[in-house]
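Undergrad: Chain residues, written in single-letter form:
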Amino acid sequence: MKRPYWICAVYVVLVVIGIPWYWQEESTLTVMGLPLWVVIAIAVSICASMFTAFLLLRYPWDMDVKLDE
Amino acid sequence: MNDQVFDQAAWIFISTYLCSLILVGFLGYRARQENTLKDFYLAGNGFGLVVIFLTLYATQYSGNTLFGYSGKAYRIGFAWIMCIHFMTAIVACFLIYAPRLYAYAKKYDFITPTDYLQHRFNSNWINVIATLILVVVLSNYLLAQLMAMGRAMQGLSTLDPDEAYRQGVILLALIMVVYGTLGGIRAVAWTDVIQGLVLMVGFSLLLFMLYKQFGSISLATNIIQQSPEVAKVNVPDANRLREWLSYIIIIGLGSTLYPQAIQRIYAARSEKVLRQGLALMAFAPLFTSLIAVITGIYAIAYVPGLLGTDTDRVLGIIMSMIQQNSVLGYWLVVILYAAILAAMMSTADSALLSISSMLSKDIYGRFIDSNASEARLTFMGKIFSWCLIIFLVWLAIYLNDKASLIKLLDRKFDILIQLVPAFMLSIHWRGMQALPTFIGIMFGVTLSIYLAFGGFDFVQNGKIYGFHPGLIGLLFNLAIAIPGSLWINKTNNRLLTT
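For the protein sequence lines, the chains are A and B, in the order given.
Going by this note's numbering, the letters in the first sequence line up with residues 1 to 69, in that order.
Going by this note's numbering, the letters in the second sequence line up with residues 70 to 567, in that order.
This is chain A alone, in the form it adopts within the complex (with noise of 0.2 Å):
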């Protein structure tokens, strides 16, 4: 079976992108009256929402389980 490192890399950046770790605590920039921290952290959410959708509607999932062993 193909290991899908490529999925867990995926969300590896999902993560690293939706936790503000790279703002200054100070930053005011607002976007549509939230902050743009905030704003980035729900986009992300929204790109993880959709791959993880991806992956359960059109990826092959891995049922090749030799049931009996």
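Hints were generated in silico from the structure; no laboratory data involved.
Being a predicted model, the structure only gives us computed values, none of them experimental.
Keep in mind that the hints are not guaranteed to be accurate.
Cβ pair distances, simulated, as ranges [to be verified]: (1) B:Asn291 <-> A:Cys47: 26 to 34 Å; (2) A:Ala9 <-> B:Trp80: 52 to 60 Å; (3) A:Cys47 <-> B:Leu547: 28 to 36 Å.
Derived DMTMM-like pairs: lysine to aspartate or glutamate, alpha-carbon spacing no greater than 20 Å straight-line [stated by the list, open to error]: (4) B:Lys175 <-> A:Asp62; (5) B:Lys175 <-> B:Asp108; (6) B:Lys107 <-> B:Glu340; (7) B:Lys175 <-> B:Glu340; (8) B:Lys341 <-> A:Asp62; (9) B:Lys532 <-> B:Asp306; (10) B:Lys176 <-> A:Asp62; (11) B:Lys107 <-> B:Asp178; (12) B:Lys107 <-> B:Asp379.
Pulled a few chain B residues facing chain A out of the computed Cβ check, cut under 7 Å [claimed, not checked]: (13) Ile150; (14) Ile153; (15) His154; (16) Ala161; (17) Gly284; (18) Ser285; (19) Val302; (20) Val304; (21) Asn308; (22) Leu310; (23) Leu347.
Backbone N, C-alpha and C fix where the C-beta goes; we use that ideal spot for every residue, glycine too.
The hints should help you fit chain B onto chain A, whose structure is shown.
TA: Chain B in isolation, oriented as in the chain A frame:
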């Protein structure tokens, strides 16, 4: 929460809603096909997409999502946006093991989570420890829901608060156990459909009401930025950011191991239904958790000054403000209140059913009466449901004013996550062995509890530099289970070759 006062018409609406749940339980009883565990706990051939999605949704989002998340957002501000990340992580973590587990479950007719462990390890030690962990964690979860039901009733009733709490816990628990033991998973899942729909409508209405009452979220943000609470808009500090990552891992992995979640994987009618149900769940945080956070943000701006446990009342206070504004607002709050009851009951009934299945099949059927018929085990499951609910109702009433004791019970994810190797790793790695897995679980649980309650200086607010003790326990758990299994495999191979 004593913030709402409802008139007779509102009470008739809520009572009708509660009675409809018993009717659904009766319909579930009528729909049963045979008196077996599979029929009672997994609905025979399983559920279609609508039921699977709504039962997953109603079970996942509890009363805590509404009260707890809005309260937490009130306390820490925008940083609680992390909750949409960890709720999304739950669905992503299902991808680790749900496909294979589903395949196993269909092939071998699994009923309870430990059926998989029995098949995989054939070890009574692992079965017993896993069942104990799952039952304890789930009982804690169920207890929390019962207490939340009592608190919700305190807010609705004009009775003395303690009396209202007692009556609320007893009445709602009674309704729940009646429909649960009548119709089993069918009743629970079908009531979840009603409850899930009410919950979704309730959340949507809440967003609409917030906008109508207070204006846009940018106004609220501006008010906070001009207030002494400005730190709640700022980027979180390093400790909070580590906590953010810790939550994603521990709740993402831990929530997928809830027995009721595993049994819903078993209960999907087909692989396609399971895939589609989970895909819909991936978007649920955006229209549920996010709205709870927004509620907390509005509350920082418009209901300032709450401290301590009062912060969990922000939703009730905001609902009270909306209720007094117009007739429409009043009825929207009534529907929202029904949604809150729905959220609590749908989570609690699923937990109760899962516990009864484990006590009946994994303990009674395996260790007490191994020759018991399916009908007997189903009957015993119902008896266990009643006994457990009586005990937990008593405990919920006893613990009403003992918050410190409840805190002691609130380490469920730290304990639950210790089962990750047994379920998620073993399903992909055939070399995993029973003994090191068992020792790993024991060590992980012990270490997590010791770190959480040991009174160490480096443990602040139950976390170690922002990380949950359960994650430290899991690292040691894996450090025992993996090398131990490798060593046993190597030894076995050597014996085979000589």
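Undergrad: Output the numbers, in ascending order, of every earlier hint that fails for this structure.
TA: Hints 12, 17 and 21 are the ones this structure does not satisfy, whereas the remaining hints hold.
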